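Participant: These protein sequences, in sequence, are chains A and B. Here the first sequence stands for residues 0 to 312, numbered as in numbering that gives the first Met the number 0. Here the second sequence stands for residues 0 to 218, numbered as in numbering that gives the first Met the number 0.
The reader is advised that the hints may include incorrect statements.
The calculated lysine to any residue pairs, modelled on SDA-like cross-linking and capped at a C-alpha distance of 20 Å, are [stated by the list, open to error]:
1. K118/A / A46/B
2. K121/B / E140/A
3. K143/B / K118/A
Hints in this document: simulated from the structure, not taken from any laboratory. Given the structure is predicted, the values throughout are model-derived calculations rather than measurements.
Chain residues, written in single-letter form:
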Amino acid sequence: MKISRRLMLSAIGIAMSAAMPGLASAEGLIAILTPSHDNPFFKAEAVGAEARAKELGYETLVLVHDDDPNKQSELFDTAIARGAKAIILDNAGADATVAAVQRAKDAGIPSFLIDREIKESGIAVSQIVSNNYQGAQLGAEEFVRLMGETGKFAELVGREADTNAGIRSSGYHDIIDQYPEMEMVAQQSANWSQTEAYEKMETILQANPEIKGVISGNDTMAMGAWAALEAAGRTDVIVVGFDGSNDVRDSIKAGGIKATVLQPAYRQAQLAVEQADQFLKTGTTGQDEKQLMDCVLINADNAAKLETFALAD
Amino acid sequence: MTCRAPHVLFAIVLGLMPLTGCKIVKNPEPGSEAAGSATATPADDAARMARMAAEIFAAKVVPFVAEQAVDLSTLRDAVAGGLDAAGAQHGHRPESEGSPWNFLVKGQGKVVKADTASRAAKLELDSDGDGVADVTVQLGPVIKGTSLRDAADFLVFTDFRDQIEFAKLARALNDEAHKALRLPEGDLTGRRFAFEGALTLRAKGDALLLVPTQLSEVP
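Same shape as in the complex, but just chain A (with noise of 0.2 Å):
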């Protein structure tokens, strides 16, 4: 709090020196809601929005909803009952948060939403999403190539409210089901955790000790998949996550995990948050609601330019 009460106030300098005359604060309050920032995924859209944010005048308020919705809606009442003029949300499900973002747009206070859709248009002002199908496609077709377009395998799926959790496994599916020799032997969801992925990959590598590969729907699942491959002695399984996290990264460096897909997280967030300023001080963001932003394949060739969820050029 310190650290932002000093930001405000030389926001509040620059705006006095720059003599408008009224503006006797900064832009206002915006709030940041994100899942846990344990996944540095959602920890690198925080930090993305907060800069943004306050680069362009805000203040900032960053909560977390851990995937909760009741959590979610009591973190939505206080950022309404603190007076922030815009909300970016990654929510905490695509039904359950409806309600809340109409709560909100009811005290006047606009949604952005990044990552993650509702299953409602016309309440947010802006859904901005990684294309997960193009992305999670990008993805499917590495793995059946590092597969040589055969063998016995694994998915991981992400938790179930979530409708990337869906979407990914139906981009997958869209392009593995295509080779008659790829044979799922397992379909289990690990919630997006990390520590459950390790427990499923256990108990899924005890039953099909023949598998050769692990398609994850995240990065935290891919590398849990592969701490419980590398505890049980088979770093021989080709593992492929999804999201560009620099622990991925790390691990594809070093030989272990194959490939990622990654989403522009960051940029996201920085986009959600310019939306955000454009829509509170125009009317208008000049932007569809729903935009689908592109992903990129990560692997062996590229991974040296990935740093917090973004691509060098």
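Keeping the supplied structure of chain A fixed, place chain B upon it in accordance with the hints.
Facilitator: Just chain B now, kept in the frame of chain A:
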């Protein structure tokens, strides 16, 4: 009996109320494996989008492509001068940052190589007469990408429930494109075809991978 009936009814209503209350809440069973595997996609999404694709393909998509298509040679020249400039002039894409350019093109070419046996069947055509294949016509049934959906300006992501639905639409449109094809018998190598369709370019040097809406042999 008659005087007891209201009590019985009341009891039934009381009994039902919590039940119906439970039904409204759409929580998945926490930790259930079935929930995890059911994640893939609700089966009816694919069916619904297949119906939509069937309704719009011949009625809207094919005429839209025919109306908007630019000559492949025109596009090639434009892309040589820069992809974004070519896109601004001839391309279709949502305004959102990080979307690739999609193009609707038409032209003719001679079959350099025909693969009609694979599930990802394709014709490699030479459209500029140098003897080298420069455009690949995807025949399917496996057709990659979402070019057709993304080039059709009237199909807007915001109008769809989520990415799953939107993805199924792209897949269903590709399926329609495949189903509409009528290829002549025999070896197609060396024969000449006229085409219309959609393609996506992410970078200037990308291979031209066409999803056809029209494909017919020309004498």
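Participant: Against each hint, give a clear statement of whether it holds in the structure.
Facilitator: Checked hints:
1. In summary, the hint linking K118/A to A46/B is supported, as the alpha carbons are separated by about 19 Å, within the 20 Å threshold.
2. With a C-alpha separation of about 18 Å, the suggested pairing of K121/B with E140/A holds against the 20 Å cut-off.
3. For a cut-off of 20 Å, the pair hint linking K143/B to K118/A is broken: about 27 Å separates their Cα positions.
Consistency with the previously given hints fails for number 3 only.
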